[in-house]
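Visitor: Chains as they are written, first to last, in my numbering: chain G, 1 to 461; chain Z, 1 to 234.
Honestly, the hints are just simulated from the structure, not real lab data.
Just so you know, even glycine gets a beta-carbon here, dropped at the ideal spot from N, CA and C.
Where hints are given, some of them may not hold.
[As the list claims (entries may be wrong)] Sample of chain Z residues at the chain G side, in silico, Cβ under 8 Å:
#1 Ile27
#2 Asp31
#3 Leu112
#4 Ile179
#5 Gly193
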Amino acid sequence: MKSVPKLIRRFVGILLLSSILIVVFNFIALAIITAYQSPNGSPWITADETAEALQSIEQGYVLSDEMTTELHKENTWAIYIDNATGKSVWHSDNLPESIPLEFTASDIANLTRGYIDGYPTFTGEAEDGLIILGYPKDSYWKHMWPSWDYRFIENLPQTILAVLAANVLLIFIIYMVVNTKLLKSIKPIADGIQALPTEQPVCLKEKGVLSELYIKINRTSEILQSQNYQLRKKETARANWIAGVSHDIRTPLSMVMGYAGQLESDTHLSDEERKKATVILRQSERMKNLINDLNLASKLEYNMQPIKPKQENMVAIARQVVVDFIDIGIGDKYHIKWLTDNSLNTCIVNANKDLIKRAIGNLIQNSINHNKNGCKIFVSVTADNNRCCISVADDGIGATDEQIEKLNNSPHYMVCDENTSEQRHGLGLLIVKQIISSHNGETIIEQSQYGGFEVKLILPL
Amino acid sequence: MDFNYLKQKRILLVDDEQEILDMVLSILNEDGFHNIQTAKSMKEAILAANKFVPELAILDIMLPDGDGFALMEQLKSQADYPILFLTARGEDEDKFRGFDLGADDYIVKPFLPKELTYRINAILRRSYKDENPIVKLYNSEIDFDRAEVIKDGEHIALTAKEYDILIALYHNAGHIVTIDALCEAAWGDNPFGYQNSLMAHICRIREKIEKSPSQPVSLITIKGLGYKLIVEGK
Numbered sequence: 001m002k003s004v005p006k007l008i009r010r011f012v013g014i015l016l017l018s019s020i021l022i023v024v025f026n027f028i029a030l031a032i033i034t035a036y037q038s039p040n041g042s043p044w045i046t047a048d049e050t051a052e053a054l055q056s057i058e059q060g061y062v063l064s065d066e067m068t069t070e071l072h073k074e075n076t077w078a079i080y081i082d083n084a085t086g087k088s089v090w091h092s093d094n095l096p097e098s099i100p101l102e103f104t105a106s107d108i109a110n111l112t113r114g115y116i117d118g119y120p121t122f123t124g125e126a127e128d129g130l131i132i133l134g135y136p137k138d139s140y141w142k143h144m145w146p147s148w149d150y151r152f153i154e155n156l157p158q159t160i161l162a163v164l165a166a167n168v169l170l171i172f173i174i175y176m177v178v179n180t181k182l183l184k185s186i187k188p189i190a191d192g193i194q195a196l197p198t199e200q201p202v203c204l205k206e207k208g209v210l211s212e213l214y215i216k217i218n219r220t221s222e223i224l225q226s227q228n229y230q231l232r233k234k235e236t237a238r239a240n241w242i243a244g245v246s247h248d249i250r251t252p253l254s255m256v257m258g259y260a261g262q263l264e265s266d267t268h269l270s271d272e273e274r275k276k277a278t279v280i281l282r283q284s285e286r287m288k289n290l291i292n293d294l295n296l297a298s299k300l301e302y303n304m305q306p307i308k309p310k311q312e313n314m315v316a317i318a319r320q321v322v323v324d325f326i327d328i329g330i331g332d333k334y335h336i337k338w339l340t341d342n343s344l345n346t347c348i349v350n351a352n353k354d355l356i357k358r359a360i361g362n363l364i365q366n367s368i369n370h371n372k373n374g375c376k377i378f379v380s381v382t383a384d385n386n387r388c389c390i391s392v393a394d395d396g397i398g399a400t401d402e403q404i405e406k407l408n409n410s411p412h413y414m415v416c417d418e419n420t421s422e423q424r425h426g427l428g429l430l431i432v433k434q435i436i437s438s439h440n441g442e443t444i445i446e447q448s449q450y451g452g453f454e455v456k457l458i459l460p461l
Numbered sequence: 001m002d003f004n005y006l007k008q009k010r011i012l013l014v015d016d017e018q019e020i021l022d023m024v025l026s027i028l029n030e031d032g033f034h035n036i037q038t039a040k041s042m043k044e045a046i047l048a049a050n051k052f053v054p055e056l057a058i059l060d061i062m063l064p065d066g067d068g069f070a071l072m073e074q075l076k077s078q079a080d081y082p083i084l085f086l087t088a089r090g091e092d093e094d095k096f097r098g099f100d101l102g103a104d105d106y107i108v109k110p111f112l113p114k115e116l117t118y119r120i121n122a123i124l125r126r127s128y129k130d131e132n133p134i135v136k137l138y139n140s141e142i143d144f145d146r147a148e149v150i151k152d153g154e155h156i157a158l159t160a161k162e163y164d165i166l167i168a169l170y171h172n173a174g175h176i177v178t179i180d181a182l183c184e185a186a187w188g189d190n191p192f193g194y195q196n197s198l199m200a201h202i203c204r205i206r207e208k209i210e211k212s213p214s215q216p217v218s219l220i221t222i223k224g225l226g227y228k229l230i231v232e233g234k
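Please build the complete structure, drawing on both the sequences and the hints.
Guide: Here's what the structure looks like:
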């Protein structure tokens with residue numbers, strides 16, 4: 001099945017594209033969020049501003065009103081530690097009781113990067129000491145150990161790419177594992193559907209996730225097979241019926257022809273009586289030909305006539321047919337002209353000699369039958385572009401464009417399933433078309449350059 | 001050529017329908033054949049063949065106690081003479097089977113009386129030709145047995161190819177034989193590309209059989225199609 005790899009390619013393509021799009025989307029989202037969040041240095045700035053706003057006076061230190069208001073608004077406490085002693089020399093009114101008033105160096109180090117008693121703290125450097133701001137407990141989250149191995153940072157681009165690739169691979173593997181089973185169960189369905197139009201019987205194992213579909217396809221195949229069998233049976237019965245009738249009619253017709261033939265040449269009979277015998281004989285012959293044609297046409301139609309092709313020389317076959325017609329004597333009114341180029345002696349086609357002879361013979365006979373006042377019949381064989389063209393043309397009464405169009409395109413009444421009231425043409429041309437079509441060739445009916453009717457039989461070399 | 005001796009040949013006619021037997025008998029009688037024995041079944045035919053010793057048998061295929069193919073094999077096992085099938089079975093397979101078994105001709109019913117008599121005469125001529133081997137032309141005679149032409153009392157030998165070409169023409173004397181059929185007769189199953197050689201051989205044959213080879217009267221050219229041999233009496 002050609003469409004499965006295409007389907008897989010498409011699925012994998014969509015998958016890879018989606019993975020890449022998701023990663024890109026995530027990066028964009030991260031960038032937007034971090035742009036809003038960072039750099040979030042406002043507590044540190046506030047601490048620096050507080051340090052600047054703290055004024056040293058005689059009684060100690062005082063914070064400007066403006067800054068005090070701002071700290072209150074944020075619900076933030078502040079404490080100022082003297083560099084020399086490590087003791088608090090000033091603090092805001094709202095300092096919680098749990099906050100110590102004396103700090104060791106390690107306390108300072110801890111609070112700088114982390115918390116005091118759960119309060120996130122930020123420091124600002126003043127002239128002789130350090131301002132510590134304490135924000136409410138749930139206002140900030142601080143990353144306390146922001147340090148990485150240098151090589152890790154150095155290799156970060158490769159690491160990111162490797163992780164991304166690993167992610168994509170992982171997604172792909174998950175996808176394949178999940179979908180292979182599904183594809184496996186779809187494959188028989190696709191194979192089955194593809195086999196249906198070719199009239200092959202389909203038999204899928206009716207189990208698995210899609211068993212219901214399998215069952216339906218199996219049933220469809222059974223119905224098609226049964227319909228085909230019935231149709232074939234009907235066609236065979238029809239062809240056999242025609243063959244049977246044509247066989248059974250041969251013996252009685254033999255009697256009619258035999259005795260009519262004798263009467264025709266009986267010198268004891270009057271001319272008029274012998275003429276009547278001639279009419280009986282000619283009409284019996286027509287019946288005989290009709291039976292033969294009907295039998296052959298029905299067999300060709302239902303593919304019951306084995307073609308058994310061999311390498312045959314079309315020039316020799318056409319020449320033999322022409323000679324046969326000249327030999328049996330077609331009368332002075334008809335002249336057959338052999339127009340094949342003398343340099344073309346062979347034109348080999350894989351064909352059934354007898355059927356091709358029959359086709360050419362039918363065409364010459366058609367020209368004779370349709371031109372009661374006589375005509376010239378031109379037979380030629382040409383070969384070009386890997387095709388062999390056998391042409392039978394005449395300079396007789398010909399046909400109108402409309403009639404030619406009908407002959408080329410309307411189905412014969414014998415093979416037409418609709419309107420059978422209009423009898424289009426005899427079996428001769430139908431047989432020609434059937435023979436040529438069974439040789440994968442083409443029959444072209446057209447106006448002849450000689451003023452009459454022309455049929456070209458095109459056969460692949 | 002006088003073929004009256006052929007009318008004396010003994011003919012065995014086998015068909016299960018009396019009316020057909022009567023009609024064929026009447027056709028053959030009218031054509032001059034009177035030495036005819038009829039049979040309606042295989043059994044009758046074998047008995048008749050033993051007593052009558054036919055020189056030609058005309059067989060139907062569908063017989064009440066067997067088929068014509070089996071009958072033919074039995075008849076041929078006793079004596080070798082030409083056999084013609086006259087049957088309503090017109091399928092190619094039947095024809096091929098008949099010819100495969102060695103039948104000389106196969107006619108499908110219905111048939112024209114003349115067609116039957118022409119074919120019987122042709123088979124008899126071919127089968128019993130030894131009795132009259134000299135073929136008379138306008139200006140010469142051909143002795144196929146000795147492969148030579150007799151012109152003005154002079155015996156001129158035919159080459160192998162000339163013989164093959166002439167015999168093919170003689171078997172269809174009075175009819176056109178296509179260039180392709182003559183090439184096949186002379187050069188076998190792969191006769192392509194011998195058209196020019198054929199023309200050369202025809203010229204040499206004319207020199208042997210014609211009085212004036214440039215104006216042939218016995219071996220006629222049918223332009224583009226083939227050649228025709230005109231034999232006295234045909």
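Visitor: So, for every hint listed, does it hold in this structure?
Guide: These are the hints, each one checked on the structure:
Nearest Cβ of chain G to the Cβ of Ile27/Z: about 6 Å, under the 8 Å cut. The hint holds. The beta carbon of Asp31/Z comes no nearer than 10 Å to any beta carbon in chain G, farther than 8 Å, and the hint placing it at the interface is violated. With its C-beta approaching chain G no nearer than about 6 Å, Leu112/Z sits inside the 8 Å limit, and its interface hint holds. With 8 Å as the threshold, the beta carbon of Ile179/Z comes within range of chain G, its nearest partner Cβ sitting at about 7 Å, so the hint holds.
A hinted interface residue such as Gly193/Z counts as satisfied when its beta carbon comes closer than 8 Å to some beta carbon of chain G; here the least separation is about 7 Å, so the hint holds.
In the structure shown, a violation is registered for the earlier hint numbered 2 alone.
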